[in-house]
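*Asks:* Since the structure of chain A is provided, determine the placement of chain B on it from the hints.
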Amino acid sequence: KAGVTQTPRYLIKTRGQQVTLSCSPISGHRSVSWYQQTPGQGLQFLFEYFSETQRNKGNFPGRFSGRQFSNSRSEMNVSTLELGDSALYLCASSLGQWIYNEQFFGPGTRLTVL
Amino acid sequence: LAKTTQPISMDSYEGQEVNITCSHNNIATNDYITWYQQFPSQGPRFIIQGYKTKVTNEVASLFIPADRKSSTLSLPRVSLSDTAVYYCLVVMPGGFKTIFGAGTRLFVKA
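Order-wise, the sequence lines are chains A and B. Under the numbering used here, the very last position in the first sequence is 260; numbers go up by exactly one each time. Under the numbering used here, the very last position in the second sequence is 119; numbers go up by exactly one each time.
It is worth saying that the hints were derived from the structure and are not from the lab. Incorrect hints may appear among the rest.
Some chain B residues close to chain A (C-beta under 10 Å, calculated; not the full set) [stated by the list, open to error]:
| hint | residue |
| --- | --- |
| 1 | 51 |
| 2 | 79 |
| 3 | 102 |
| 4 | 107 |
| 5 | 108 |
| 6 | 112 |
The structure presented is a predicted model; accordingly, all values stated were derived computationally and were not measured. All C-beta atoms, glycine included, are put in the ideal place defined by N, C-alpha and C.
Here chain A stands alone, though its shape is the one from the complex:
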């Protein structure tokens, strides 16, 4: 069974640009979560989706948004990029309806903002 896939794996952008990251969950998984990981702040929860509905959002500015499609694939978008947005963005999916179930993480997208 294929794992969680994230595209692209690496991305370089400049300040002020916007970026869209994609996540394909494990087949059959309907819950998708996004996390930002930086050396200074560690792993921080961004948002969680289930059946195309955002059920929770972390403490991030409105520049960070996301959505989930009917096939459970998810995208996150960051507008007006700042240097501090440079991070590893991780997507995780879980089989159960609730986030406390085992989460399967993708390899991440490494975003560098210049």
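*Replies:* This is chain B only, laid out in the frame that chain A set:
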């Protein structure tokens, strides 16, 4: 969500048993304790989850005392490949959010 506290780092040698303790004083009645492992440049990987007493799987054991204010992840006979960051999480069934703490960096030496 209950806050967790873990040691920042630990050192061990190959073949030893490693115990990583996590403190979660404000754990709620319905919360579960979950541990993840993360290697550099990879996403975290689920290790084990428990509610009370002891849970064991093929890679680790999780000990939870009766008051549930702490838990201990036990890794038997570690190898160099167990060098990673280990995260303790308190998660709530029905919740829509998980909080990862700073984690514990385990270094296994030859």
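*Asks:* Looking back at the hints listed earlier, which ones does the structure fail to meet?
*Replies:* Checked against the structure, the only hint that fails is number 2, while the rest are satisfied.
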